[in-house]
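Trainee: Protein chains in written order, with our numbering: chain L, 1 to 428; chain C, 1 to 289; chain P, 1 to 269.
Just so you know, these hints were derived from the structure itself, not from any lab. Just so it is clear, the structure is predicted and the values come from calculations on it, not from any experiment. Possibly wrong hints are sitting among the right ones.
Straight-line distance between alpha carbons at most 30 Å, and here's what the computed DSS-like set of lysine-lysine pairs gives [what the hints assert, rightly or not]:
1) Lys131/L - Lys40/C
2) Lys324/L - Lys355/L
3) Lys312/L - Lys40/C
4) Lys156/L - Lys42/P
5) Lys312/L - Lys49/L
6) Lys312/L - Lys423/L
7) Lys117/L - Lys341/L
8) Lys135/L - Lys40/C
9) Lys152/L - Lys296/L
10) Lys42/P - Lys285/L
11) Lys40/C - Lys423/L
12) Lys426/L - Lys40/C
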Amino acid sequence: MLNRRTLLAASAATLAAPSIARAQATKISFYYPIAVGGPIPAIFDGYCKEFQAATGIEVAPVYAGNYGETLTKAITAIKGGNGPHLAVLLAAEMHSLQDLDILASLDDVGLDAAGKKWMEGFYPAFLANSKAEGKLWSVPFQRSTSVMYFNKDAFKEAGLDTEKFPRTWAELQAAAVKLTKKDAGGRVTRWGVKMAADVGNAQWTFGGLANQAGHILMNEAGTETYFNHPKAIEALAFWRGLATAGAAPEGVSNWGQLTPDFLEGNAAIIQHTTGNLTNLRTNAKFPFGIAGLPGKEGPRTVVGGGNIYFFKNANPAERAAALKFARFLTEPDRAADWSMKTGYIAVRPEAYETKTLKDYIAGFPAADVARGFLPVAVGELSTFENQKVYAALTNNVQACLNGTKTPAQAMADTQVEADRILKSYKKA
Amino acid sequence: MRRETVQGWLLILPALLLLVAFTHWPAATTIIDSFYTTPKGSRPPRFVGFENYADLMTDPVFWTALRNNAVYALWTIPASVILALVMALAVNTAIPGRALVRMAYFTPTMLPMIAVANIWLFFFTPDYGLFDHVLGFFGGVRHNWLGDRDTALPAMIVVAVWKEAGFFMIFYLAALQAMPPDLKECAALEGSSRWNFFRRVTLPLLMPTTLFVLVNAVINAFRLVDHVVVMTRGGPDNATTLLLYYIYEAGFRFWDQALAATLTVVLLALLGLLAWLQFGVLGKRVHYR
Amino acid sequence: MKLSTRSLEIVGAWLLAVLWVLPLLYAVWTAFHPGEFATSFKLTAPLTLQNFANAWDAAPFARYFLNTTMLVTLILVAQFVVCTPAAFAFARMEFPGRDIVFGIVLMQLMVMPDVLLVGNYRTMATLGVVDTILAIALPYLGSAFGIFLLRQTFRMVPQQLDDAARLEGCTLLGRLWRVYVPLAKPTYIAYGLVSVSYHWNNFLWPLVITNSVKTRPLTVGLSVFASTDQGIDWSIITAATLMTSAPLLVAFLLFQRQFVQSFMRAGIR
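Turn these sequences into a full structure, and let the hints steer you where they fit.
Mentor: Here it is in structure tokens:
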């Protein structure tokens, strides 16, 4: 029970003072997003407490919504003058964040020789979205690849081999058609496959598909995009084709809806992140499998997820503390723990040498499936004005999935729009 | 006389300061911003005249948002006002369980939009959501309500009408209950039909309420985007992007201050025009005290 | 014939009521049953309070409640304090510039602060109050709606009462406090209801201006909590919804007659 005085004191404090005390160097503020199910805030609270016990540095973790919302929150807060000192944001936002001039590179944060060595210990695929202008801008943290979860009961029912997940587009489509089930009235009761095309997620699904066709959507500098390319069109045509073949629903499916759809038995296969594995394992009432994405000819996928960024607004002491915290979060034991609690891929190979993770994988081999696809993964779509480019792509993908634009038209329109957005970033 | 002047100004000063600081001042700075480019990192804003407006004219998303908002307004405003009136008339008579019915109509007002949007999300869920359940019962086919361009905006409209009608009902109800009962007795004596009585007496007497409710409905048609944020984020393919949502995106997702400012100026102009229409044209036909 | 139209009307009214309360009914059903019954409705489903416990543990709702309570209280009190004298001046005083200023005030009826997110955000940043409850409240404290309503009410107060108070030696503020405010009680209640329900449910501006648990009101807390990318869990979301709206719902249930009557007397019609 709160008594009146503490209530008054609390009100006075909140009404008058910005809540993040900036004077103390031993207290840093940390924003993070959640894009998967499960008790993530409790996990972060635990890490922060451990960190404080070990170093005396207090970290205030702020959960700020999904990736898009957290990005908005972090930038708004920084512009408002009391932003976080570090944050987990989409790895693909590097160019945009740099453009806003709010990032501190790892050199600015004070990475020493030992630190440089530590940075070399990450999987190279996860560092792809960290490098620009010869500097490192972020530390890989909650990283994933796009994977497919499949309902084994549904596979058996459709007469498919649960041990042989489709490896090519043709196989996937054929399987998905078989998996689609209708009731006596002709209503679909189970869809073969569902992939997310809502705002904030369509670009990731599509990035995977483009790579499956053997195509990269942007240059490394993030100043050019290649949407209007036969392979990109082919990728979109495949996506749209799943619906016209009757294996996927018409229109747009939402990321957030995929998990309940899968658990409900409404979708036999969903394309999602590895980070959702533990959540599905806890909640699925049927045996399910995890597989790498197929491809036009063979498996290809895209990496995703969030890196830790450091911000300029932090003073040197705060930056040092933030870096310490980032290193703490990626220590082998903790990376292993994080991977087991969520399903994200541990970002450092050495985490897979720890006994806990070895034992875990021995008992639950599915937990190590996604890592096997890192060699065939590319970086996520990442450009300047990232969110605008995402929006242009998403709108056109959605128009195509709604049947109002042909794949070719949608890609051509995306390219025109992206060119307009990136006009001022192209070197003359 | 001089004393009353000082006193009068002192009394209005706090309110005036707050109003000017958080309505008129930001409106003015927004207008100024709309003539400059977006400052980015090391690049300061640059004066560009009407270039932002010219850009806006060629922005397809702007036109989509404008059209969506027009459709949204043209459906939500009449639907919620008429339903509110019907509801008020219904619970103003002695129907069984009147308190319960009134409560039912009013509940949406009390539920945060942000929360009920999640419940509506379930209703609209394809295949196993409530609507598809019910449709399936009657032999209908499934529908991806929020994922289909043709039904996403109507879905938003339904949610908005549901949310607002009960709120407006309270105003009508208060007005109906304040109407002198002898009017009705007179009419009954003269043998005038219920419809005639409603049309000739009730409706004109409710005109000030209608104007008031209408003003609020118009404002909400441009203000209420909470459900868009939760349910569709403007998709699919901008089918549910409303002007304020686009402003929010431009300002806080794209960090495009110029676009946000220009959009805001357009919205302000639109609201000004609507205010003039309502108070200038409609208002003259309603005698206000 | 007459009877049948009447019963048809009653059935219609009830049907509409059921439709209107359906989301709430669904919320109640889902919140009190285990997760697997969120999408299937069986009468035999077991009851549980676990969803409420889970929701309560999953986010700092106690803090959000406190924030929202402080927010609506702050706004309500400040609106009354700020709008009352202004309304009185506009209603009962003669001074140069009055009508022009009243016009300026009325502009806010249409241009609500919600539209001016970007501009107001910058002001708050300049003032250094971003991420405070004060910042959520500030744009709404001077309320044209409140001033307009109170002015209408004050103008209906009989001038004789005012004169009598003046003869007894009441000061200006004394007259306002002893004569006008008591007579406008229904208006205050009606306006209070509108204001509280508006700000209890307001979302976009609080979303923009708050960053931390210490300031987030319930709506923002809920949206962050239910952020759909996690995969929607309707049992927990409905439990959270019921928890967060319960105070308003119960308050209205208890006082609905009084509310309608104060609307009636307030002349908001």
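Trainee: Which hint numbers doesn't this structure obey?
Mentor: none
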